[in-house]
Amino acid sequence: MGPNANALLETDLIHTFVAISEVGSFTAAAKRVLRTPSAVSMQMKRLEDQLGRPLFHRHARRVSLTVDGEAFLIHSRELLRINEEALARFRVAQLEGRIRFGALDDFGSRFLPQILARFAATHPLVEVDVVLSTTAALTRQLEAGELDLVLTAADKHESLPGKTIYSEPLVWVGKRNGRAHRRVPLPLTLSAQGCPWRAAALASLEETNMRYRIAYTCETGQGQLAAVDSDLAIAPIPASLVSEDHEVLGLKQGLKQIGDYRLLLCEATRIGSAGKAFSAHVVTSFKEAAGFPP
Numbered sequence: 001m002g003p004n005a006n007a008l009l010e011t012d013l014i015h016t017f018v019a020i021s022e023v024g025s026f027t028a029a030a031k032r033v034l035r036t037p038s039a040v041s042m043q044m045k046r047l048e049d050q051l052g053r054p055l056f057h058r059h060a061r062r063v064s065l066t067v068d069g070e071a072f073l074i075h076s077r078e079l080l081r082i083n084e085e086a087l088a089r090f091r092v093a094q095l096e097g098r099i100r101f102g103a104l105d106d107f108g109s110r111f112l113p114q115i116l117a118r119f120a121a122t123h124p125l126v127e128v129d130v131v132l133s134t135t136a137a138l139t140r141q142l143e144a145g146e147l148d149l150v151l152t153a154a155d156k157h158e159s160l161p162g163k164t165i166y167s168e169p170l171v172w173v174g175k176r177n178g179r180a181h182r183r184v185p186l187p188l189t190l191s192a193q194g195c196p197w198r199a200a201a202l203a204s205l206e207e208t209n210m211r212y213r214i215a216y217t218c219e220t221g222q223g224q225l226a227a228v229d230s231d232l233a234i235a236p237i238p239a240s241l242v243s244e245d246h247e248v249l250g251l252k253q254g255l256k257q258i259g260d261y262r263l264l265l266c267e268a269t270r271i272g273s274a275g276k277a278f279s280a281h282v283v284t285s286f287k288e289a290a291g292f293p294p
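For the sequence shown, UniProt numbering begins at 1 and goes up steadily by one.
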């Protein structure tokens with residue numbers, strides 16, 4: 001058996017091959033791909049002829065992959081993924097609709113404008129209405145059916161329904177060369193009750209019996225950072241949001257690590273094709289913006 005140098009791999013053959021690898025039988029795979037078992041056998045014969053290698057060990061009631069079959073399975077899944085991405089890319093002009101999207105102010109004000117602009121460029125017929133608010137408020141709106149997608153945060157122990165985009169540490173920051181972190185009691189700027197960052201930050205201080213006072217309460221990240229930049233207080237923020245104007249504070253200043261949080265994307269039950277496209281765009285874009293692999 002020798003490979004056909006001029007052969008092009010057909011997507012149907014690859015779909016069937018992957019199905020067989022997952023169910024371990026030509027007959028079961030035939031039901032999955034809506035073909036007869038004999039048609040599936042003919043497909044795999046063609047595929048093996050094209051590759052010039054046997055892909056299966058054939059047993060009485062099942063099949064298993066050969067070494068070449070295992071290697072080809074890796075390529076097959078990658079080819080199917082690329083095929084899906086290509087189809088999605090050139091179908092985007094047909095997508096239209098309206099998406100109601102909620103996001104935390106901390107991320108919305110910094111990353112969201114560029115992310116929305118890129119989505120609008122490739123999906124001109126999709127309208128995205130944006131609400132920036134707190135985790136508690138956004139969760140209520142999603143549950144009430146007022147939002148389709150919500151970008152929110154939770155600490156590592158919270159169990160919230162949603163897709164984890166990434167996890168990263170929360171860190172204490174003060175103004176670079178500032179003095180707020182030296183004051184006693186330690187002045188803090190935080191969101192109101194219900195913010196997962198607030199709870200985690202206060203827990204870390206109480207574990208070390210650190211004396212503190214909440215000097216500045218603000219629901220927006222921008223407002224909290226204004227207090228930091230004025231050297232009025234220190235704040236807990238995601239590591240990816242630290243700027244060159246801030247100094248990360250830690251053990252040297254007597255502050256214990258706060259711990260990690262998770263950035264989540266929560267979806268309504270039905271979001272449609274436009275919503276799914278926007279959801280995928282948000283996940284990829286926020287990973288890239290924070291320096292995580294897509």
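Just so you know, these hints were derived from the structure itself, not from any lab. Wrong hints could be hidden among the right ones.
Pairs of lysine-lysine residues, derived as DSSO-like cross-links and limited to a Cα-Cα distance of at most 27 Å, are as follows [as the list claims (entries may be wrong)]: (1) Lys252 - Lys163; (2) Lys276 - Lys287; (3) Lys156 - Lys31; (4) Lys45 - Lys156; (5) Lys156 - Lys252; (6) Lys175 - Lys256.
The hints, checked one at a time:
At most 27 Å may separate the alpha-carbon atoms for a hinted pair to count; Lys252 and Lys163 exceed this at roughly 35 Å. Proximity of Lys276 to Lys287 is assessed by CA-CA distance (about 17 Å); at most 27 Å being required, the pair is judged to hold. A hinted pair counts as satisfied when its Cα atoms are at most 27 Å apart, and Lys156 with Lys31 does not qualify at roughly 41 Å. A C-alpha spacing of about 50 Å is found between Lys45 and Lys156, which places the hinted pair above 27 Å, so the restraint is violated.
Between Lys156 and Lys252 the alpha-carbon distance is near 25 Å, which keeps this suggested pair within the 27 Å criterion. As the CA atoms of Lys175 and Lys256 are separated by approximately 18 Å, the hinted pair is consistent with the 27 Å bound.
The structure is inconsistent with the numbered hints 1, 3, 4, although it conforms to all the rest.
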